[in-house]
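Go ahead and model the full structure; you've got the sequences and the hints to work with.
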Amino acid sequence: MEIVRSQRKPSASHDVDVAPTLPIYRSAPALEVRLEDFELFAIDRLRVLKGISDGLSRGKKPDELEKLVTDLWKAHMRHPQTSEVVNKDIISHFVLRLVYCRTEELRKWFLSIETTLFRYRFRPESSDVQLSVLLMMLIRLAFEFQKALMAEFDLPYKAVSNAEYEGLKDKLSQVARSIGQSLPSGNYGSLSGISDRIFYKVPFEEVPELVASRRVYIQKGHAYVAMNQVVSLVVTQFRSHLSKALVLTNRKWTSIIREQEKDRLTPIVEALSTGYLGPDYSQPKEYAEISLKDINQVAKTSFPLCMRHLFEKLREDHHLKHGGRMQLGLFLKGVGLKLDDALAFWKAEFSRKVGAERFDKEYAYSIRHNYGKEGKRTDYTPYSCQKVISSTPGVGDHHGCPYRHFSEENLRAALGNMGVSNRALEDVIDKVRNRHYQLACTLTFEAVHASSCDAGINHPNQYFSESQKIMESKVNLLS
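Take the sequence shown: its position 356, counting from 1, is numbered 758 in my numbering, and each next residue is one higher.
In short, the hints are calculated from the structure, not lab data.
Hints may be right or wrong, so weigh each one.
[As the list claims (entries may be wrong)] Simulated pairs of lysine-lysine, PhoX-like, Cα-Cα distance not exceeding 20 Å: (1) Lys462 / Lys452; (2) Lys695 / Lys715; (3) Lys723 / Lys622; (4) Lys603 / Lys622; (5) Lys789 / Lys452.
This is the structure we're talking about:
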């Protein structure tokens, strides 16, 4: 793909459904891609992948995941121009392939979630679109469409012959009944119920999930796969190809692309895997101000664990190192603590340890700087969960994500102090052990507030905002 800067003129936007085409991403397209589209398309696809990742972490059932994938795709992968919908799909995949090829951990995550996305996109494609087309084409072309489908995905398998099918019909029927299905009556390969009657004989190791769930009949090392289960064959091939492609892309990235594009694409690529995709919390919106007299109470009811821990350590030690001051200070700014109150708040604490004069000389400047009143006068943004999680606190530091950086014993104690019940606490610890730190925070929110948070917690200031909504609604109910 060649990346170019946009010369595009603004055009009227209108809703367009995603075209029913499923690319298999064999090679990067020969397209010119505008620099802003390179990033924006990737961000849109990343919203889809992160939504799927959250759904998987929450243990959603297959039918729930299928609906989630459909909703996420429709919400984020549209394009004002119908002709560009497929291009957006392909371009965004290859951009994120570049983003997530760079480490083993990134490759593993991308491979897993992209394969899940492909699986659930293939299901409606094959059932709603391709098979409906198939039934029309069968009038003239019999099984040619199925053969073309298998060839498209590089699956060199032949359909089981009528004679072989008849010999195995009883065994195939037993398998079908065991999974709550039945083989339709009629001749093998007849038009009615064709997707249930065409079977492929494949090496059993190529359909491990079907073997594990006992959805196929196995004989002499081969599994007999019905056409309506071909998704497993295709997904296995897709995953294998993508896994190899990510390794090759990593080699190209490290040897050529990273250095060649260091002033243009490299900063975008390196930022995308850790970037925050949610609302901007640099300025308070719904809750425009918190007062110093209320800050202690608000900290107990509405601060996420990371900020509550910093707040308590500040009250206890009357000091925080730079990382802690930045993490807590920008959070307080985002929830509505005005500059004058922020200076008074930090000075009241630090003066008890370093004295008022030293505070004015060494610490006041950085607080004003965070509010855009010193230096470059940049309006600094509160840290997202991803940034908090990726930090590396040292000895004596208290910033970072407790779900990642606390020992299990300390985390249990901290969660207990927040009022998390034993049952909910075990669920949180389970997510931490599996490194689902944001989901652990989401479960903590739900336990503390006795309310669901389907969107998940992605930002400490989001936690505060959602908490305040719940607190306000409770006050309104009582009044």
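Right, here's what the structure says about each hint:
no.: 1; hint: Lys462 / Lys452; verdict: 14 Å, holds
no.: 2; hint: Lys695 / Lys715; verdict: 19 Å, holds
no.: 3; hint: Lys723 / Lys622; verdict: 66 Å, violated
no.: 4; hint: Lys603 / Lys622; verdict: 11 Å, holds
no.: 5; hint: Lys789 / Lys452; verdict: 16 Å, holds
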